[in-house]
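Peer 1: Chain A is already provided as a structure; the job is to place chain B on it using the hints.
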Amino acid sequence: MEARIGLRNTKSGIFKGIIIFFAFLITLPLIIILLYIIKQGAGQVNWHFLTHVPAPVGEIGGGIANALLGSFIMVLIASVIAIPVGMLAGIYLSENPKTKLAYYSGLCVDILQGVPSIVVGIVVYFWIVKPLGTFSALSGSVALAIMMLPIVIRSTEQTLKLLPDSLKEAALSLGVPYHRVILKVIIPCGFAGILSGIMLSIARIIGETAPLLFTAFGNPYLSISVTKPMESLPHLIFTYATSPYDDWHNLAWGASFILLMFVLVLNIVTKVITRKWKVQL
Amino acid sequence: MESTIVKAENYNSFFGTHQVVKDVNISIKRNEVIAVMGPSGCGKTTFLRGINRMHELIPGATSNGKILLDGQNVYDMNAIYVRYKIGMVFQRPNPFPNLSIYENVIAGYLLNGLKVSKADKDVIVEKSLTSAALWKEVKDSLHKKGTFLSGGQQQRLCIARAIAMEPELILFDEPTSALDPISTSSVEALFHELKAKYTLIIVTHNMQQAARVSDKTAFFYMGELVEFDDTKQMFTNPTDQRTQNYITGRFS
Chain A
526 MEARIGLRNT
536 KSGIFKGIII
546 FFAFLITLPL
556 IIILLYIIKQ
566 GAGQVNWHFL
576 THVPAPVGEI
586 GGGIANALLG
596 SFIMVLIASV
606 IAIPVGMLAG
616 IYLSENPKTK
626 LAYYSGLCVD
636 ILQGVPSIVV
646 GIVVYFWIVK
656 PLGTFSALSG
666 SVALAIMMLP
676 IVIRSTEQTL
686 KLLPDSLKEA
696 ALSLGVPYHR
706 VILKVIIPCG
716 FAGILSGIML
726 SIARIIGETA
736 PLLFTAFGNP
746 YLSISVTKPM
756 ESLPHLIFTY
766 ATSPYDDWHN
776 LAWGASFILL
786 MFVLVLNIVT
796 KVITRKWKVQ
806 L
Chain B
22 MESTIVKAEN
32 YNSFFGTHQV
42 VKDVNISIKR
52 NEVIAVMGPS
62 GCGKTTFLRG
72 INRMHELIPG
82 ATSNGKILLD
92 GQNVYDMNAI
102 YVRYKIGMVF
112 QRPNPFPNLS
122 IYENVIAGYL
132 LNGLKVSKAD
142 KDVIVEKSLT
152 SAALWKEVKD
162 SLHKKGTFLS
172 GGQQQRLCIA
182 RAIAMEPELI
192 LFDEPTSALD
202 PISTSSVEAL
212 FHELKAKYTL
222 IIVTHNMQQA
232 ARVSDKTAFF
242 YMGELVEFDD
252 TKQMFTNPTD
262 QRTQNYITGR
272 FS
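Protein chains in written order, with our numbering: chain A, 526 to 806; chain B, 22 to 273.
Chain A on its own, in the form it takes in the complex (with noise of 0.2 Å):
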């Protein structure tokens, strides 16, 4: 019997180190990836890297503004866009977890959340890019808010399930009407959350290139005009990664430098936001 429990004992000590390993292995790739993006791309990251477009082949220097600033732009219209439909609709999927509405309205989030990016960017290519005769800017935009919806969506309702019953009907016992309950008590308690959420999903956006290719296309100058092919991180990183230009490929790895930072800093942040913030129940 002695015998037996030590043979017990060691296969746990063997179960819990292999558990023990896979989770740091799990840590492997990502560090691999860093390592490798800061070797080949911080280098090339200065000032004048920020702030000037791409240098035509064979000139040197040149830089990502163009990327920088329509990345930032269509991020931004796509915010504007998602995150008040995103929320509107994760407040009444839990509010109204039961209805068939809800049921069939939460459904369509899980496929959507499931359809593959570049079918997002076909839909849209022939929505708007079509019928505007032009790739544009807002084109790009509406395929990134429909990349968002589905994350902004399932966070806010998520976090707003978890937050107790006992608190609405501490405001509707006060005689707070529906939406000043849920804009003055429910949305500032699970702010925390709903903001988590959505820095997530402009984390999951930024590096969309799929739903960009026939919607902004891409434009090798600067442009503010929503209405004009607009460059992105991504869209940039790929047509400078596939060039046979070395020039050309630096820019490549100096831009995926830039937004794996970015997606880093933004998870990062996420995460001190959700613990400073949260509310204690």
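These are computed hints drawn from the structure, not numbers from a lab.
Even for Gly, the Cβ is constructed at its ideal location relative to N, Cα and C.
Don't take every hint at face value.
[Unchecked claim] With a Cα cut of at most 35 Å, we get these calculated DSBU-like pairs of lysine-lysine:
#, chain 1, residue 1, chain 2, residue 2
1, B, K87, A, K623
2, B, K165, A, K796
3, A, K709, B, K139
[Unchecked claim] Chain B stretches covered by chain A per the calculated footprint, using a threshold of three residues with CB under 8 Å from any CB of chain A:
#, region
4, 37–50
5, 126–139
Peer 2: Just chain B now, with coordinates in the frame of chain A:
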């Protein structure tokens, strides 16, 4: 006539088709403490929530009959106005976690978007917290979040929040069932003081509490109001056999 504040006439409530409160008739006088007791599931909480129209917020919940507040049927009034006029304190303390103690007290004004001057707010906060026997404990931390307080303090904060709206009637739904004995006694002590200005209806499944704090007791059983009488009378010489059985602990 004038001393009656709440009167229920043939009041019924339902969850779907399940009738929870059956044909209740009761008349409650001003400045009394009423205990509503009965075994779990007897409809006492549902009845209480019918008075300020909180019952109907639950999907599928309906009611009929009349509940008169100062002679006016609350079901003919705007539900929001009814809830605004009647204070309510819940089973679990539920201060707003996003608001400070100060803001929690005047939450009824803040959340309704009512304009109140800073000076008036200060007065309301101090008065309400004093009435809720909490002022001394929190006066130096008014701007801390209400959720840092102990359970009993939180519950008294919720009472202060109800008092701040200057209701005539305050409903308590098992207000001490989530509290420890010391917090419970601090809240119970409060009932005696509140009686001077307000009418209190307290749902409790704690018989000792009903006996300790109330002037009159209503006993609910299986959705019916079995007996409503002076508390002393009720506990010493109940007229209904079911009340007798409940009080002597034959069922609970």
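Peer 1: All hints are to be evaluated individually against the structure, with a verdict given for each.
Peer 2: Status of the hints after comparison with the structure:
1. Distance hint between B:K87 and A:K623 is fulfilled; the C-alpha atoms sit about 30 Å from each other, no more than 35 Å.
2. For a cut-off of 35 Å, the pair hint linking B:K165 to A:K796 stands: about 24 Å separates their Cα positions.
3. In summary, the hint linking A:K709 to B:K139 is supported, as the alpha carbons are separated by about 20 Å, within the 35 Å threshold.
4. Counting residues of the region 37–50 of chain B whose CB lies closer than 8 Å to any CB of chain A gives 0, which falls below the minimum of 3, so the coverage claim is violated.
5. Three residues within the 8 Å Cβ limit are the bar, and the region 126–139 of chain B against chain A gives 6, so the coverage statement holds.
Checked against the numbered hints listed earlier, the structure breaks hint 4 alone; every other hint is satisfied.
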